[in-house]
Amino acid sequence: MYKRIAFTVNGKAYNFEVDVRESLLDVLRSHLGFTGAKQGCGVGECGACSVLIDGVPTDTCIYLAVWADGKEIRTIEGVAEKNGELSEVQKAFVDEGAVQCGFCTPGLVLTTTALKESGKDYTREELKRELSGHLCRCTGYQNILKAAEKSLEGHVCTCVDSPHYKGE
Amino acid sequence: MYDIKGYYDAETVSEATALLAENPNLKIIAGGTDVLIKMHGGQLEDAELLSLRKIKSLEKIDLADDGTIVIGAMATFSMVFHNTILKDLIPILTEAAISMGGPQIRNIATIGGNVCNGATSADSASSLFALNAQLKLESKNGERVVPIREFYLGPGKVAINPGEILTEVRIAPEDYKGFAGHYIKFAMREAMDIATLGVAVVCKVQGGSFEEVRIGLGVAGPTPLRCLEAEEYAKGKKISSDTLAEIGKLAVKSTKARTSWRASKEYREHLVEELTQRALKTAVVSAGGAEVV
Ligand SMILES: Cc1cc2nc3c(=O)[nH]c(=O)nc-3n(C[C@H](O)[C@H](O)[C@H](O)COP(=O)(O)OP(=O)(O)OC[C@H]3O[C@@H](n4cnc5c(N)ncnc54)[C@H](O)[C@@H]3O)c2cc1C
Ligand code: FES
Ligand code: FES
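Chains A and B, in that order, are what the protein sequence lines are.
Per numbering that gives the first Met the number 0, the first sequence runs over residues 0 to 167.
Per numbering that gives the first Met the number 0, the second sequence runs over residues 0 to 292.
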């Protein structure tokens with residue numbers, strides 16, 4: 000069974016028929032060539048396949064392609080500037096040595112990008128919690144957290160008696 | 000590829016119930032975080048799916064004029080966590096919501112799916128049990144309301160009839176007003192883990208005594224459950240460490256814990272006794288009582 004869907008990826012419009020059995024990850028990787036979204040576990044545990052759907056981090060391995068109808072999707076391929084310059088979040092990941100094999104990196108960069116673009120403040124604990132849907136088998140997470148903190152500079156609240164921290 | 004034979008979208012509840020009445024074999028899909036995992040594991044084959052994802056009216060979280068809290072079945076765990084009504088009135092549910100899965104899962108998994116999946120480990124369940132939640136089920140022929148305690152029948156088994164859809168989770172004012180509560184999820188990791196035990200308590204305190212206590216437990220038996228004996232005992236008792244210790248002991252009596260790879264029966268029973276007391280200690284203070292030392 001096929002269904003016609005219309006959606007955008009990184010600002011470019013697509014309109015075609017998808018097999019209802021396919022995940023969005025299948026469509027992104029196999030039909031559209033956005034291979035920055037990785038398949039790790041395939042069951043929603045690892046976050047390697049995460050992309051932003053209408054700005055919200057979502058695991059595409061357990062997201063049916065038909066659900067993408069009408070959505071704006073952002074993958075890692077759409078994060079850098081058009082001229083190839085890396086985004087601030089990407090630069091922070093490079094600068095902090097937060098990338099080893101790189102398999103988890105697209106998802107982490109996208110989630111961090113969403114946090115940054117939310118304009119909200121986060122405590123360190125909240126930041127850890129927001130990144131907890133991404134497994135990394137290489138780095139030990141410290142440098143990833145540093146990169147996320149750097150990306151959100153000015154929006155990470157470290158003062159334990161601020162009302163924000165208490166309200167957590 | 001998922002083993003999907005057919006896929007239908009409903010845009011309204013009446014459209015969904017009409018489709019279900021026509022084809023009772025349709026499998027409802029909400030966030031898909033249980034359904035798709037089952038398909039992936041081969042436990043669900045040749046599925047004909049009815050998606051509720053386009054029914055936006057089911058995502059609403061509202062406070063009715065009579066004080067009833069109404070949570071649409073399609074509200075995601077992220078929506079539940081960020082909702083200010085729920086945070087103010089029933090924080091044991093928002094605490095449970097944020098303890099569930101990880102961010103990407105919470106962004107898509109729904110409270111209705113959590114309840115209908117029928118798992119004893121469902122993170123919303125112990126809180127909803129403690130809050131005496133009522134479930135509104137709609138079918139082509141009408142609607143009915145079922146208390147959550149009568150909804151869970153066994154592991155993965157719930158009291159939903161063919162043709163029915165869960166549309167609302169409701170909490171009546173008399174079940175939350177004047178109560179304070181606390182939720183503890185005990186798990187091996189702080190994120191992306193299924194509970195070894197879930198404990199939700201609510202209590203009403205007056206003049207240093209318990210006026211009422213309700214205790215909901217997850218993973219302490221084949222379904223989530225309430226500790227009625229302990230609750231009955233607590234009524235009118237002076238709040239003290241002895242009273243709490245007795246409540247903890249009695250709570251274990253209501254459980255039917257078993258040994259799984261996560262934890263042994265004995266360990267779970269120990270957790271029930273200990274964590275019920277800890278949760279109550281915090282709840283007592285939130286309810287305006289003195290700290291129990
Ligand atoms: C990586 C991962 C981590 C997880 N972690 C947790 C966790 O920590 N805690 C936890 O409790 N769960 C966890 N889960 C399980 C799952 O996410 C939850 O049970 C979730 O709430 C299910 O909701 P859903 O909307 O995705 O349901 P679906 O998968 O769409 O549906 C679940 C079941 O409910 C039925 N259904 C759904 N909505 C309705 C409705 N409105 N009316 C009638 N029937 C309906 C479906 O037919 C199906 O049988 C996890 C799952 C994954 C993949
Ligand atoms: S591949 Fe999707 S979460 Fe692991
Ligand atoms: S860098 Fe290898 S998994 Fe994270």
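Derived by calculation from the structure, the hints in this document are not laboratory data.
The C-beta atom is built at its ideal place from N, Cα and C for all residues, glycine as well.
Just to be clear, a hint being listed does not mean it is correct.
To be verified - Pair ranges (Cβ atoms, derived): (1) A:Tyr13 to B:Tyr266: 46 to 56 Å; (2) A:Glu71 to B:Gly177: 19 to 29 Å; (3) A:Met0 to B:Ile36: 17 to 27 Å; (4) B:Glu14 to A:Asn14: 19 to 29 Å; (5) A:Asn9 to B:Lys4: 49 to 59 Å; (6) B:Ser56 to A:Leu31: 45 to 55 Å.
To be verified - With a straight-line Cα cutoff of 30 Å, these simulated DSS-like cross-link-like pairs (lysine-lysine) come out: (7) B:Lys4 to A:Lys70; (8) A:Lys119 to B:Lys280; (9) B:Lys176 to A:Lys2; (10) A:Lys115 to B:Lys59; (11) A:Lys127 to B:Lys4; (12) A:Lys127 to B:Lys26; (13) B:Lys55 to A:Lys2; (14) B:Lys280 to A:Lys70; (15) B:Lys86 to B:Lys59; (16) B:Lys176 to B:Lys280; (17) A:Lys2 to A:Lys115; (18) B:Lys4 to A:Lys2; (19) A:Lys115 to B:Lys26; (20) B:Lys156 to B:Lys280.
Hints versus structure:
The hinted window of 46 to 56 Å between A:Tyr13 and B:Tyr266 holds, with their beta carbons roughly 52 Å apart. Range check, A:Glu71 to B:Gly177: about 45 Å between beta-carbon atoms, so the 19 to 29 Å window is missed. For A:Met0 paired with B:Ile36, a C-beta distance near 21 Å keeps the hint of 17 to 27 Å intact. Between B:Glu14 and A:Asn14 the beta carbons are some 25 Å apart, a value that agrees with the proposed interval 19 to 29 Å.
Between A:Asn9 and B:Lys4 the beta carbon distance is about 33 Å. The supplied range of 49 to 59 Å is therefore violated. Our hint of 45 to 55 Å for B:Ser56 and A:Leu31 is violated, since their Cβ atoms are close to 33 Å apart. The suggested pairing of B:Lys4 with A:Lys70 holds, with an alpha-carbon distance near 24 Å, which does not exceed 30 Å. A C-alpha spacing of about 33 Å is found between A:Lys119 and B:Lys280, which places the hinted pair above 30 Å, so the restraint is violated.
For the proposed pair B:Lys176 and A:Lys2, the alpha carbon gap of about 48 Å is over 30 Å, so the pair is violated. For the suggested pair A:Lys115 and B:Lys59, the alpha carbons sit about 27 Å apart, so the restraint of at most 30 Å is met. The suggested pairing of A:Lys127 with B:Lys4 is violated, with an alpha-carbon distance near 40 Å, which exceeds 30 Å. For a cut-off of 30 Å, the pair hint linking A:Lys127 to B:Lys26 is broken: about 36 Å separates their Cα positions.
Under the criterion of a C-alpha separation no larger than 30 Å, the hint pairing B:Lys55 with A:Lys2 is consistent with the structure, at around 21 Å. Annotation: proposed proximity of B:Lys280 to A:Lys70 is violated, straight-line Cα distance about 46 Å (limit 30 Å). For the given pair, B:Lys86 sits about 15 Å from B:Lys59 by alpha-carbon distance, which is consistent with the 30 Å threshold. Of the supplied pair hints, the one linking B:Lys176 and B:Lys280 holds, its CA atoms being roughly 19 Å apart against a limit of 30 Å.
Proposed proximity of A:Lys2 and A:Lys115 is contradicted: the alpha carbons are some 35 Å apart, above 30 Å. As the CA atoms of B:Lys4 and A:Lys2 are separated by approximately 13 Å, the hinted pair is consistent with the 30 Å bound. A hinted pair counts as satisfied when its Cα atoms are at most 30 Å apart, and A:Lys115 with B:Lys26 does not qualify at roughly 38 Å. Restraint check for B:Lys156 and B:Lys280: the C-alpha separation of about 33 Å exceeds 30 Å, so the hint is violated.
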